[in-house]
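Listed in order, the protein sequences are those of chains A and B.
Number 61 in the numbering used here belongs to position 61 of the first sequence; there are no gaps in the numbering.
Number 198 in the numbering used here belongs to position 198 of the second sequence; there are no gaps in the numbering.
What the hints contain is simulated information worked out from the structure, not anything from laboratory work.
There could be a bad hint or two in this list.
[What the hints assert, rightly or not] Partial list, computed: chain B residues near chain A (C-beta under 7 Å): (1) L53; (2) F73; (3) E77; (4) Y78; (5) V80; (6) T81; (7) L114.
[Claimed, not checked] Cut-off 16 Å, straight-line C-alpha distance, at most; resulting in silico cross-link-like pairs (EDC-like, lysine to aspartate or glutamate): (8) B:K151 <-> B:D135; (9) B:K151 <-> B:E141; (10) B:K7 <-> B:D135; (11) A:K43 <-> B:E55; (12) B:K218 <-> B:E230; (13) A:K139 <-> B:E230.
On a predicted model such as this, the values are computed, not experimentally measured, just so you know.
We treat Cβ as the ideally placed atom computed from N, Cα and C, and that holds for glycine.
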Amino acid sequence: MQDVRLRVASAAILSAAAFSGIPGAAGAFIWWIAFGSRGISGKTLRRIAAPFILIALFGAVVSLTGGPGLSYFSRMGVIILVGSWVYDEYRPGEFMDLSVWAFGDGYGFDLGMIAETGMQSLGLLIADFSRIRMALALKGLGKGFRTLVPAGAVLIHVSLARAGDVAAILAVRGYCKGGTYEPEFRAGWSDIPGIATAICVGFFALAPVSEFFILYR
Amino acid sequence: MAVPAMKISLQEIRFACGNWRMSAEGTFLPGVHIVSGDVGSGKSTLATAIAGLTEPTGGAITGEGISSKMLSFQFPEYHVTGFTVEEECRSWSRDPDRVLAECRLGGRSGSSPLRLSRGELKRLHLACVLAGTYDLLVLDEPFSALDVAEKERICRAISSRTNGITIIFTHEQAVFPRTDYLWEIQEGRLRYRGAVPGALPAWQHAPAAIRDLIAAGKCPHNITTGDLLEAACRT
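For reference, chain B alone in the conformation it holds in the complex:
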């Protein structure tokens, strides 16, 4: 039996709120997608719509072959339902010992999740989310409030997802997971830049390090820290 093709299609969708407008069209295929854009460009609005939680003002969003989806909000507090860290892990149907060891919060299982610092809560939340298997995983600013080491760990976890569609909405400029496709929101419209690495020269929100590498004729194979180092050391 053939596995149904998995995809999310945005058909001329539009958002409007007062004077603010945004439109989007395109298809998200399996792999890791990065959607970059300035603050206030509509990344979170688009993220909630793609996750099926809000309706665009116009147009349609259709999904094929997607039976499970998850959206991680930028602020992890919104997801909290447990009164202790252990309860919070169980509310995601996760093994607390495993999750807490992974996010280095062992010994805090009895604490209130809302007593954790923003960074600790983000670590806990992402560990719970990334321990699940979803056909569609939408991450809204997953790297905010995390230090570089933690960002690298989250990137490894995202890169290890072998199937499904992962869409990361971010204005991160330093640490990225292995990425398949680049998108960006510019002048009120979602624009598809293409597959990595071919899309890198056209990426308007590219970090300075990537722009400098491309200018030096050393286009990286991907945008992970390892790929950028390899390109920088290339002779």
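So here's chain A without its partners, still in its complex pose:
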């Protein structure tokens, strides 16, 4: 899906559908298989492994305490898959396009810049974390809890230092608020079928369709 507006709208609808219940989660999962799973790579699988383990743990705890743990795991799992698809499809500058298109050159520009710097920082954080793990391995330290605290401290330090640098650069370049920007959007063959089926999934998951049929009978 090339158009970031349709991609984000699809992700929002599908996430809401998946969160609403098992039928919505099933619909969103089928949608993901059809439109979102093509670009999946080993890198993607490694990235989503940790959140999947986390929700599996929560789901197990909920099940053991008599709650709907399996339902929780299924619904959240689909939301993670959809979120991962949005992240994989992201191209630098797209959130700026989306934000300025939606909210204009004032708040839209600021929001877009925050989103873009956030996405840039996320990529850098992943790279930093990978290097920190290598450095810890060189010191003969494993992956246990003992290394988690120093690794976290370094990550926070590096991120804050980088944020300070970005803020200083923006200030030096005269940034106060807002700016002018011309958003551009691309189109792809799967854009219209993708958003149309996402709306269908959202409609059947969120609208009281069963009530309508009961009344009709």
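Fit chain B to the supplied structure of chain A, relying on the hints for placement.
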């Protein structure tokens, strides 16, 4: 009993990331190697692969006679595990008093390493790394964030390593340790230029001072500051 020959061999290794490609082939023997290349040419990628921390996309890296290896990242923050400078020295199994005296950080033993300036942290980190004995030592941009005096001190420490393979990935243009072999990454490929000083005329990333000396017919014996001065004063 014969000492096993120490070497690292790169057998047609390849790296690919999107449109970016790099390939390398060659053998690193004991001594000091300098690998130069432009920013983004793949120096850090190659450094982590040679240190055995990442796998190339294709080909193989084999080591012989290497029982200990160390990689120093360009950014010293990545290596920090201690909450104080003293703890950081101990995390490398080094004597804090000795290391701190060497890197002129005496009196800072109780400070957080992350509170040091980038240059101070680099000094501390390199002092810890260079106090160890490794068969393979890979240094990624060891001279970044250091002043000239500190670069000279680090060069003396590197030059004093009597055995093992030392590979320095750098685009430094001013201060170098005594170097045995030159390599450079050009047009997506690692190229072996040869042993110093014979390799100097072919060194594409050579600093202007070395190029000028060679053009004047005064090829230096090596690339340390002393060697360059000697060549410049040669009559």
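Please work out if A:K43 and B:E55 have their alpha carbons no farther apart than 16 Å. 14 Å, holds
Using the nearest Cβ pair, does B:E77 come within less than 7 Å of chain A? Holds, because the Cβ-Cβ distance from B:E77 to chain A comes to roughly 5 Å (cut-off 7 Å).
Between B:K7 and B:D135, does the CA-CA distance stay at or below 16 Å? 9 Å, holds
Once the shortest beta carbon distance from B:L53 to chain A is found, is it less than 7 Å? 4 Å, holds
Checking hints one by one. Is B:T81 an interface residue toward chain A, by the C-beta closer than 7 Å rule? 4 Å, holds
The hint names B:Y78 as touching chain A; please verify it with the least Cβ-Cβ distance against 7 Å. Holds, about 4 Å.
Does B:V80 pass the interface check with chain A, least Cβ-Cβ distance below 7 Å? 5 Å, holds
CA of B:K151 to CA of B:D135, is that 16 Å or under? 22 Å, violated
With a cut-off of 16 Å on the C-alpha distance, tell me whether B:K151 and B:E141 pass. Holds, at roughly 11 Å.
Assess, step by step, whether the Cα of A:K139 is no farther than 16 Å from the Cα of B:E230, and give holds or violated. 40 Å, violated
Take a quick look at whether B:K218 and B:E230 sit within 16 Å of each other, Cα to Cα. Between B:K218 and B:E230 the Cα gap is close to 9 Å, so the pair holds against 16 Å.
Interface restraint verdict for B:F73 against chain A (beta-carbon cut-off 7 Å): 6 Å, holds
Checked against the numbered hints listed earlier, the structure breaks hints 8 and 13; every other hint is satisfied.
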